[in-house]
Amino acid sequence: MTGVRRIADREGTLAWLFLMPSVVYIIALVGLPFILAVGFALSDVTTGDPSFDFVGVRNFDAIFDDPVFWRSLGNTFMFTGISMVFIVIFGKVLANILVADFKGKWFVRFLILLPWTTPVTLGAISWLWLLDSIFSPIDWLLRQVGLLGEQGSLLGNGSNMYWLGEPGLAMGSVIAVHVWRLTPLAAVIMMAGLVAIPRDLEEAARVDGAGYWRRMFEVTIPLTLPVIAVSALFGAIFTFTDMAVVDVLTNGGPNNATQVLTSWAFFRGIDGGDVGQGAAVALFLFPLLLAAAIAILRAVRKLEVR
Amino acid sequence: MAVVEVRNLVKEYESGKVRAVDGVDLATKEGEYLVLLGPSGCGKTTLLRTIAGLEHPTAGDVVIDDQIVTALPPRARKVAMVFQSYALYPHKSVHANIVFPLRAAKMPPEERERKASWAAELLGIHHLMARKPRQLSGGERQRVALARALVREPQVFLLDEPLSNLDAKLRASARDELKRFQQEVGTTTIYVTHDQVEAMGLGDRIVVLSHGKVRQIGKPHEVYDDPADTFVATFIGSPPMNLVTRGDQLVGFRPEHLMPAAAVIKDAQPMKLNVERLEYLSGDRHVYGTLTGIGEPTRVIARLPATVTEPIAAGMDYDFAVSRERLRFFDAATGLRTTDGES
Chain A
237 MTGVRRIADR EGTLAWLFLM PSVVYIIALV GLPFILAVGF ALSDVTTGDP SFDFVGVRNF
297 DAIFDDPVFW RSLGNTFMFT GISMVFIVIF GKVLANILVA DFKGKWFVRF LILLPWTTPV
357 TLGAISWLWL LDSIFSPIDW LLRQVGLLGE QGSLLGNGSN MYWLGEPGLA MGSVIAVHVW
417 RLTPLAAVIM MAGLVAIPRD LEEAARVDGA GYWRRMFEVT IPLTLPVIAV SALFGAIFTF
477 TDMAVVDVLT NGGPNNATQV LTSWAFFRGI DGGDVGQGAA VALFLFPLLL AAAIAILRAV
537 RKLEVR
Chain B
223 MAVVEVRNLV KEYESGKVRA VDGVDLATKE GEYLVLLGPS GCGKTTLLRT IAGLEHPTAG
283 DVVIDDQIVT ALPPRARKVA MVFQSYALYP HKSVHANIVF PLRAAKMPPE ERERKASWAA
343 ELLGIHHLMA RKPRQLSGGE RQRVALARAL VREPQVFLLD EPLSNLDAKL RASARDELKR
403 FQQEVGTTTI YVTHDQVEAM GLGDRIVVLS HGKVRQIGKP HEVYDDPADT FVATFIGSPP
463 MNLVTRGDQL VGFRPEHLMP AAAVIKDAQP MKLNVERLEY LSGDRHVYGT LTGIGEPTRV
523 IARLPATVTE PIAAGMDYDF AVSRERLRFF DAATGLRTTD GES
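Residue numbers (the numbering used here), protein chains in the order written: chain A, 237 to 542; chain B, 223 to 565.
Derived from the structure by calculation, the hints contain no laboratory data. Keep in mind it's a predicted model, so treat the numbers as computed, not measured. Any given hint could turn out to be false.
[Unchecked claim] Facing chain B, according to a computed beta carbon distance under 8 Å, are these residues of chain A, among others:
#1 379
#2 443
#3 445
#4 458
[Stated by the list, open to error] Sample of chain B residues at the chain A side, in silico, Cβ under 8 Å:
#5 235
#6 274
#7 276
#8 313
#9 323
#10 330
#11 551
#12 554
Where is the CB? At the ideal position from N, CA and C, for every residue including glycine.
The task is simple: from the sequences and hints, build the whole structure.
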């Protein structure tokens with residue numbers, strides 16, 4: 237009995253005890269693979285020949301010479317940038333719906349959170365069906381409304397849009413799925429920010445004569461700006477590091493039009509067997525993500541200062 | 223300036239389970255300083271918020287300047303409110319806080335600046351205009367909140383316990399300033415507080431509320447000297463009015479009117495006090511004891527001013543008295559005031 241209490245009293249030991257699982261976890265699953273990736277990027281390791289030979293920056297030279305790499309890099313930034321904008325706008329709108337008080341709000345909240353609770357691959361597969369080249373229900377709907385499939389229709393006289401077959405549409409589809417999947421998370425983060433605004437401020441603005449939009453843009457949004465920044469950065473990081481959507485939806489196609497850094501690293505390093513080049517591509521993400529992480533931490537700090 | 227009236231106002235919460243405001247009728251006078259006073263949970267803040275338009279009444283009407291505004295949103299009512307927390311916009315400078323209502327009213331910039339300048343001058347906050355609210359002291363924040371309320375030249379000021387966030391010393395001077403400020407601008411003001419000292423000091427008239435009902439409306443001295451019921455009698459005054467049960471009546475008198483018999487000159491009602499304890503508070507002596515001779519033995523408090531010098535010691539019996547004109551009578555069952563002298 238007294239022995240138990242003595243351990244519980246030693247806070248230094250306890251701190252280590254509690255920290256240990258996450259420290260082990262981070263070292264084993266983040267630290268070691270990272271060092272391994274740096275090592276691979278500087279080597280000629282392939283799946284066929286796993287022997288380690290130091291080759292300097294040759295892998296980097298190779299990927300810089302590859303136009304697909306540059307395309308992937310551009311796509312990564314474009315997908316991330318565009319989806320971040322939509323995620324923030326839709327997230328803000330949904331957050332307002334989440335905090336509103338109306339009949340049936342529990343059902344609406346459930347629906348809003350559904351995409352986030354669905355596994356990415358499952359969601360992406362459903363989208364794969366929705367965007368199918370022949371049986372797409374979206375196309376069917378467009379045909380029913382008369383926007384598609386007849387002479388002079390707004391979207392052309394073909395019977396299908398080939399969402400994942402046309403480079404432009406494929407990119408749009410990938411962005412749409414990212415937005416669909418990450419908006420709920422952004423909405424929940426922003427909802428927490430909205431709830432934290434003192435009710436007095438909103439009411440003071442109402443008595444001061446401010447209408448809905450003035451309250452929104454002059455009181456609510458400035459006060460939730462740090463939270464909006466956090467949700468935007470979360471959205472960015474999740475889009476940036478995700479390859480499941482691209483992998484399931486388009487497999488990088490058509491003709492590498494939707495290739496991103498993560499998927500390209502995977503195709504190069506694992507599917508293509510050139511582990512060294514794959515690692516070099518993947519490492520490219522690191523400085524960018526580091527910057528994003530620092531930005532998040534700073535935004536959170538600002539939130540605490542207020 | 224305007225007259226604010228509420229007619230048979232009812233506000234229920236949780237579909238009728240809680241009645242925060244229970245049929246309140248009252249009307250201010252032009253330019254009056256009306257104080258809503260009551261313990262916490264009496265419905266005074268709800269009443270104020272209903273007048274502001276932040277709450278919709280379950281029944282009844284709010285009338286400002288002969289116009290029924292019950293259905294109107296806050297911004298259409300031309301009221302200004304100062305919140306307990308001041309509710310300054312933390313991301314805006316003092317200047318931006320003050321002009322916010324004017325921008326919302328789409329006032330042209332030059333006029334806006336003139337108004338802001340005038341309000342800042344009146345409240346002595348010109349030197350703070352560039353600061354953010356978090357860089358201000360409590361008293362300065364209060365003045366900024368007042369300035370923000372003032373610039374719109376509203377018909378009515380609604381103040382929700384604006385002094386409760388200030389420390390005791392600042393509160394006294396802020397109270398004085400608030401009163402002078404209101405006299406200067408002459409705007410009808412409704413002021414909510416649970417502090418009777420504030421109420422007595424600031425109010426032209428006081429509305430005493432309890433459980434969502436108005437117990438009494440009157441000038442400070444009326445509410446103090448002639449309480450309408452035992453609630454008002456014991457809520458106002460510190461220490462509260464002494465109440466002694468006599469048959470189906472309660473006899474009430476203020477602690478300062480219970481004096482050693484020798485000090486009561488005219489028409490004295492004699493009684494005996496067994497002294498238990500003495501407190502010496504800012505010049506006065508508070509005498510705690512059991513009173514006999516006019517009703518059932520009751521624990522009472524007497525407050526003797528410094529001018530009464532009779533020696534009094536704990537554990538002794540003394541002859542005390544109350545001047546008969548100072549006695550108030552209440553019905554023991556209902557607590558309501560009954561006709562004086564009907565004893």
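Status of each hint after checking the structure:
no., hint, result
1, 379, "violated (46 Å)"
2, 443, "holds (5 Å)"
3, 445, "holds (4 Å)"
4, 458, "holds (5 Å)"
5, 235, "violated (14 Å)"
6, 274, "holds (6 Å)"
7, 276, "holds (5 Å)"
8, 313, "holds (5 Å)"
9, 323, "holds (4 Å)"
10, 330, "violated (16 Å)"
11, 551, "violated (44 Å)"
12, 554, "violated (44 Å)"
Checked against the numbered hints above, the structure violates hints 1, 5, 10, 11, 12; every other hint is satisfied.
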